[in-house]
Amino acid sequence: MIGIGLRTLFVKEVRRFLRVPGQTLLSPLITTVLYFVVFGFSLGSRLREIEGVPYIRFIVPGLVTLGVVSNAFLNTASSLFVMKLQGTIVDLLISPLTYGEILTGFVSAAALRALAVGVLMWIVAGAFSGFQLAHPALALVLLVLVAVTFAALGLMTAIWANTFERVNFFPTFIITPLTFLGGVFYSARMLPPALLRFTQANPVFYLVDVIRWSMLGFSDGAPAIGLTILAVLCAASLAGAYAMLRSGYKLRG
Amino acid sequence: MVSIRALSKRYGDLVALEHVDLDIRPGEIFALLGPNGAGKTTLISVVAGLVRATAGTVQVLGRDVVADYRFTRSVIGLVPQEINFDPFFTVTEMLRIQAGYFGVELTDDRLEEILTALDLTAKRDTGTRALSGGMKRRLLIGKALVHAPKVLFLDEPTAGVDVELRQALWRYVRVLRDRGTTIVLTTHYLEEAEELADRVGIIDHGRMLLIEEKEQLMRSYAGKTLRATLAAPLPSLPPALTELGARLEEGGRVLALTAAPGTSLGPVLAALAAAGLAVEDVETHRMTLEDVFVNLLRSERRGPGQAAGAEGR
Numbered sequence: 001m002i003g004i005g006l007r008t009l010f011v012k013e014v015r016r017f018l019r020v021p022g023q024t025l026l027s028p029l030i031t032t033v034l035y036f037v038v039f040g041f042s043l044g045s046r047l048r049e050i051e052g053v054p055y056i057r058f059i060v061p062g063l064v065t066l067g068v069v070s071n072a073f074l075n076t077a078s079s080l081f082v083m084k085l086q087g088t089i090v091d092l093l094i095s096p097l098t099y100g101e102i103l104t105g106f107v108s109a110a111a112l113r114a115l116a117v118g119v120l121m122w123i124v125a126g127a128f129s130g131f132q133l134a135h136p137a138l139a140l141v142l143l144v145l146v147a148v149t150f151a152a153l154g155l156m157t158a159i160w161a162n163t164f165e166r167v168n169f170f171p172t173f174i175i176t177p178l179t180f181l182g183g184v185f186y187s188a189r190m191l192p193p194a195l196l197r198f199t200q201a202n203p204v205f206y207l208v209d210v211i212r213w214s215m216l217g218f219s220d221g222a223p224a225i226g227l228t229i230l231a232v233l234c235a236a237s238l239a240g241a242y243a244m245l246r247s248g249y250k251l252r253g
Numbered sequence: 254m255v256s257i258r259a260l261s262k263r264y265g266d267l268v269a270l271e272h273v274d275l276d277i278r279p280g281e282i283f284a285l286l287g288p289n290g291a292g293k294t295t296l297i298s299v300v301a302g303l304v305r306a307t308a309g310t311v312q313v314l315g316r317d318v319v320a321d322y323r324f325t326r327s328v329i330g331l332v333p334q335e336i337n338f339d340p341f342f343t344v345t346e347m348l349r350i351q352a353g354y355f356g357v358e359l360t361d362d363r364l365e366e367i368l369t370a371l372d373l374t375a376k377r378d379t380g381t382r383a384l385s386g387g388m389k390r391r392l393l394i395g396k397a398l399v400h401a402p403k404v405l406f407l408d409e410p411t412a413g414v415d416v417e418l419r420q421a422l423w424r425y426v427r428v429l430r431d432r433g434t435t436i437v438l439t440t441h442y443l444e445e446a447e448e449l450a451d452r453v454g455i456i457d458h459g460r461m462l463l464i465e466e467k468e469q470l471m472r473s474y475a476g477k478t479l480r481a482t483l484a485a486p487l488p489s490l491p492p493a494l495t496e497l498g499a500r501l502e503e504g505g506r507v508l509a510l511t512a513a514p515g516t517s518l519g520p521v522l523a524a525l526a527a528a529g530l531a532v533e534d535v536e537t538h539r540m541t542l543e544d545v546f547v548n549l550l551r552s553e554r555r556g557p558g559q560a561a562g563a564e565g566r
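If you read the sequences in order, they're chains A and B.
If you count the first sequence from 1, position 31 lands on 31 in this note's numbering, and the numbers rise without skipping.
Adding 253 to a residue's 1-based position in the second sequence gives its number in this note's numbering.
Watch out, some of these pointers could steer you wrong.
[Said to hold, decoys possible] So the derived label-pair ranges between C-beta atoms look like this:
1) B:GLU468 x A:LYS250: 36 to 46 angstroms
2) B:GLU335 x A:VAL119: 18 to 28 angstroms
3) A:ALA224 x B:THR307: 42 to 52 angstroms
4) B:GLU335 x A:ALA194: 50 to 60 angstroms
5) A:SER45 x B:GLU358: 53 to 63 angstroms
6) A:ALA243 x B:THR307: 15 to 25 angstroms
7) B:ASP362 x A:THR228: 53 to 63 angstroms
8) B:GLY413 x A:PHE198: 51 to 61 angstroms
I should point out that these hints are in silico values taken from the structure, not numbers from a laboratory.
Think of the CB as a built atom: it goes at the ideal place given N, C-alpha and C, for glycine as much as any other residue.
Same shape as in the complex, but just chain A:
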């Protein structure tokens, strides 16, 4: 049974991002449209097809993943960090909410926003490139796992960060580069061997790859590897965030 406390935190977090829909829902959509215009149409006319799929459609799963990753991360990271900054974190810390409830409340609301963005992006993308979903249920499960993973990472970052600079450290220096180099815009088969090895060391590559498999029905690597890596990342990030909340690290003096 879901208690009043957890429900309140979840609803509050959802209402927070719904109060600023321009930033939290619309802005990622505009970015998607721009990617489509820039990459889809300009590059697409040269690249034509990958694995028998038009290039403009090939990039959809990667873009949706990118949207889910960044919105999940940003939602928890900015919400918790702003609470720390404004002192409203105290309201939560003195409440009888358990660590698990705090984690669940933040992560589930962030995952909801990330999935909403992902689905909207997919719809907009489909309008450009045509709709294709090879394994719809699996695609949804995978996106939920990605959303939960990065929401938990965002929470950990916000707990750790003392400054906005630090909040932005992970998205800027780790997540964005790994995502862009993780095969969002190209197939690993197009890469020279040296770059391929580099790509194969990037966990995000496997996430994009398995999500592409769930949507378009083909992948560069084995989907099972992608699913395993994703499951491990998800469990590890949840465990890490839980441990941080439990220890009181940087939250309780």
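Once you have looked at the hints, place chain B on chain A.
Just chain B, lined up with the frame of chain A:
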């Protein structure tokens, strides 16, 4: 109600609390007094679960605040010193959210009661960002009350609050106490402790210097001073007055006397009359908690031995 045993808190080399023992009794108003940085906020933060103790234990209603945090936090209300607000929400929404965190659905009646008590009814649908400083502080108090706590901690509740609001808050604190809420407030306004408290604890450098009934404290420590302005300066005092402890000040114009706690000034006035001295003006001053506090801190800083002696009185 709250039982604190051998509580210590260190931040590296800094000792914030040193072996503090304190029992808060049900239904009392307890004032924790001390200068800035004395450890007041740290002490209540440990009880509320915001700070983890280095050593010692804290129990609320017999349950440990670490092992049984869900229970203890559900019966504690905390009004933090720092004003906080979430610009995304209105007054009513904030109160409902805070109640929800505590697992309580705020009924409309209870909401009205809190809004009315804290004079926030007109601002119920106002965004918290648009509230004045005093209103934000009242909202903080409202948030601390949504779950009807058994113990309410007020950390410097009237810092930066105007006189009128301060009076209103004091009245409300008494109302809460009369309804059975135990209240612990920290303050460095001694007037506040003197006005409200049943018992007073004085803390400095993380150590509890003294815990005493306010009345008892005032009786034990707070003497009276008398200053009589004489019509004509005197070269020296008659022996009858010197024996009572009087002295001359301001070039013989003023007769001054500090009476020990519990002594009457009657004999002094009688001796003045008997000596036939013409008095222009008489001024008496009962020492306030502030004087007591300053004297105590002064003697404590001279040497801990004296304060330990004072505690035994």
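Now for the hints, and whether the structure bears them out:
1. B:GLU468 x A:LYS250: 36 to 46 angstroms: 44 angstroms, holds
2. B:GLU335 x A:VAL119: 18 to 28 angstroms: Violated: the Cβ-Cβ distance is about 40 angstroms, outside 18 to 28 angstroms.
3. A:ALA224 x B:THR307: 42 to 52 angstroms: 49 angstroms Cβ-Cβ, so the 42 to 52 angstroms window holds.
4. B:GLU335 x A:ALA194: 50 to 60 angstroms: 54 angstroms, holds
5. A:SER45 x B:GLU358: 53 to 63 angstroms: For SER45 (chain A) and GLU358 (chain B) the Cβ distance comes to about 59 angstroms; the hint holds.
6. A:ALA243 x B:THR307: 15 to 25 angstroms: At roughly 21 angstroms between Cβ atoms, THR307 (chain B) and ALA243 (chain A) fall inside 15 to 25 angstroms, so the hint holds.
7. B:ASP362 x A:THR228: 53 to 63 angstroms: Holds: the Cβ-Cβ distance is about 54 angstroms, inside 53 to 63 angstroms.
8. B:GLY413 x A:PHE198: 51 to 61 angstroms: 57 angstroms, holds
In summary, the one numbered hint that this structure violates is 2.
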